[in-house]
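*Asks:* For the record, the sequence lines run as chains A and B. Okay, so the first sequence: first residue is 1 according to the working numbering, each after it adds one. Okay, so the second sequence: first residue is 1 according to the working numbering, each after it adds one.
Because the hints were derived from the structure by calculation, they are not lab data. A few of these clues could be false.
The calculated lysine-lysine pairs, modelled on DSSO-like cross-linking and capped at a C-alpha distance of 27 angstroms, are [claimed, not checked]: (1) B/K255 / A/K201; (2) A/K202 / B/K255; (3) A/K132 / B/K25; (4) B/K95 / B/K20; (5) B/K24 / A/K133; (6) A/K146 / A/K132; (7) B/K56 / A/K133; (8) A/K132 / B/K20; (9) A/K121 / A/K132; (10) B/K95 / B/K57; (11) B/K57 / B/K24; (12) B/K255 / A/K121; (13) B/K57 / A/K133; (14) B/K105 / B/K24; (15) A/K121 / B/K57; (16) A/K132 / B/K56; (17) A/K201 / B/K259; (18) B/K25 / B/K56; (19) B/K255 / A/K132; (20) B/K4 / B/K20; (21) B/K20 / B/K56; (22) A/K202 / A/K215.
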Amino acid sequence: MVIIQTLLIALLTLAARCHTMLGTSLINRPIVLGALTGLIVGDLQQGIIMGGTLELAFVGAVSIGAYIPPDMVSGTILGTAFAIAAGQGPETALALSYPIAAAYQAVSTLGTPISLWLMHKCDRYAEIGDVKKFERGYWLTGFIPKLIFVPIVPLAYYFGSDAVTAVLNQMPAFIQTGINISGGLIPALGFAMLAQMIMNKKVVVFFFLGFFTVKYLGIGTTGVAIFAVILAVILVQIEQRFNTSGSVQVQAGGELDEF
Amino acid sequence: MNSKIVTDIVSQDQNAVVTKDDLKKVFVRSIPMEFTWNYERQMHLGYCYALLPVLKKLYKGQELADAMTRHMEFYNTTPFIITFPLGISAAQEEKCVLDPAHVDKTSVSTVKTAMMGPIAGIGDSFFWGTLRILATGVGASLALQGNILGPLLFLLIYNVPHFVMRYMGTFLGYNLGTSFLSKLEASGSMQLLTYGASIIGLMVAGSMTAEMVYMTLNIPVGVGETATDLQTILDGILPGIMPLAVFGIVYWLLKKGVKPLPLTFILMGVGILGAALGFLM
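All chains should be built: construct the whole structure from the sequences, respecting the hints.
*Replies:* Okay, here's the thing in structure tokens:
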């Protein structure tokens with residue numbers, strides 16, 4: 001049973017690592033991996049809840065620019081699997097996932113030289129115009145650096161589950177409570193990272209509009225999202241009206257006709 | 001602008017060789033764009049691989065080798081609409097062959113490089129900041145209740161618009177050639193798009209902060225009949241004042257340059273300290 005679970009976790013890890021092959025389609029996000037891990041280790045319901053919790057904690061973890069986020073794939077799969085095995089809740093999954101994600105991030109940088117070496121072989125195939133070899137080199141450059149690291153997560157699951165359960169059972173109560181409390185705080189980090197990306201003076205008010213709509217009117221995020229789309233359309237139309245009446249002269253200048 | 005511009009080739013030189021099927025192949029081969037992402041030249045391999053069907057049709061022998069090498073230079077932009085510069089490159093490469101006297105091959109590189117910034121500017125904020133947050137907002141609130149629709153809707157809300165735009169980008173890029181972005185920039189539409197997208201992104205981020213960030217103080221105030229606690233008083237003044245304060249502090253620390261990972265451990269420490277000393281619950 002554990003062997004089958006370990007193999008399925010290996011497959012899930014491989015699929016998550018290859019999310020870029022499938023159009024960077026976010027199948028590596030905690031909300032997806034949590035549910036699938038739950039399914040593998042036998043508690044889909046808990047897996048979905050843990051995935052949702054971790055998704056919020058990792059919501060800021062996207063690699064934009066130079067920022068390399070902690071490895072949420074290993075964090076989610078192992079955090080969820082260990083927490084379910086130990087009979088604990090989503091907060092435990094959260095507490096386990098961060099150290100795992102940070103540690104894995106450090107290990108995975110070792111893969112960089114391999115991918116660079118493979119990539120330079122493709123340079124040579126391009127220079128001689130050999131399409132077949134180039135395409136083969138392309139797929140190898142994609143797969144090999146991911147494949148060599150796949151065993152880490154399933155092996156950690158196979159050998160670590162009992163140890164982690166034992167440690168969790170020994171833990172003093174205030175640490176458990178404290179981790180539960182921090183489960184409510186950590187999402188703030190994700191939202192702050194996100195807001196930092198899009199916030200400026202002109203639009204900062206919309207953050208507060210969303211916040212207090214929920215607090216005072218009690219409609220959930222889905223409701224706010226619907227109103228946000230409607231509001232954005234209306235405001236863009238108003239803005240557009242101002243813009244076109246203001247920029248008629250610029251267009252009459254004929255700069256656009258050059259194209 | 002009719003709708004054919006995003007689904008088919010609109011008008012073409014009668015000597016043209018690039019077909020609708022070629023562009024469809026470019027779309028399909030653009031899907032693993034980031035599969036070979038690396039620190040040195042980032043998306044260069046993916047770009048060359050995706051454009052190969054067009055290059056193979058236009059060039060043979062040494063010319064093909066030159067064209068492949070030309071597209072092996074550094075590239076990086078939002079992967080979800082990478083088909084737009086790919087479409088433009090396809091149109092330009094074709095022009096190089098049809099009209100070699102007037103089109104310079106170096107312009108292919110210049111144009112695609114010049115577009116990295118603007119495309120990433122709109123693309124990153126729309127896809128990462130708006131569409132993903134919309135998907136997370138809807139998906140996570142269902143997932144927290146243990147509903148399987150959570151992860152499913154998350155993937156659908158993100159990927160249906162993503163793949164539609166990825167497909168249309170191929171044809172839009174090819175049909176409009178190089179003039180499109182400069183037109184968009186001059187008309188101010190680009191700022192409008194960013195403006196609308198950031199409204200949605202911030203409102204959803206605000207509502208998620210309200211729903212999913214929580215902190216409850218456990219500090220009694222007064223004694224006997226009038227005994228109450230600080231949290232009740234604060235909630236009476238402004239509901240959600242504590243989560244908003246947590247958000248504000250974290251936002252400020254990020255701005256001060258504190259890295260996200262240490263911040264996570266700090267927040268965990270605050271929770272454990274609060275539980276140990278009993279001022280949080």
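*Asks:* Next step is simple, just say for each hint if it's right about the structure.
*Replies:* Evaluation of the provided hints:
1. B/K255 / A/K201: holds, 15 angstroms
2. A/K202 / B/K255: holds, 18 angstroms
3. A/K132 / B/K25: holds, 16 angstroms
4. B/K95 / B/K20: holds, 16 angstroms
5. B/K24 / A/K133: Holds, at roughly 23 angstroms.
6. A/K146 / A/K132: holds, 22 angstroms
7. B/K56 / A/K133: holds, 14 angstroms
8. A/K132 / B/K20: holds, 23 angstroms
9. A/K121 / A/K132: Answer holds: A/K121 to A/K132 is near 13 angstroms, not above 27 angstroms.
10. B/K95 / B/K57: holds, 13 angstroms
11. B/K57 / B/K24: holds, 14 angstroms
12. B/K255 / A/K121: violated, 42 angstroms
13. B/K57 / A/K133: Holds, at about 18 angstroms.
14. B/K105 / B/K24: The given pair, whose Cα atoms are some 24 angstroms apart, holds under the 27 angstroms limit.
15. A/K121 / B/K57: Measuring from Cα to Cα gives roughly 24 angstroms; hence the hint holds.
16. A/K132 / B/K56: holds, 11 angstroms
17. A/K201 / B/K259: holds, 23 angstroms
18. B/K25 / B/K56: holds, 12 angstroms
19. B/K255 / A/K132: violated, 49 angstroms
20. B/K4 / B/K20: Distance ~12 angstroms between B/K4 and B/K20 Cα, so the pair holds.
21. B/K20 / B/K56: Given pair B/K20, B/K56 holds - Cα atoms ~15 angstroms apart, limit 27 angstroms.
22. A/K202 / A/K215: Holds - the C-alpha atoms of A/K215 and A/K202 are around 23 angstroms apart, at most 27 angstroms.
Hint violations for this structure: numbers 12, 19, all remaining hints satisfied.
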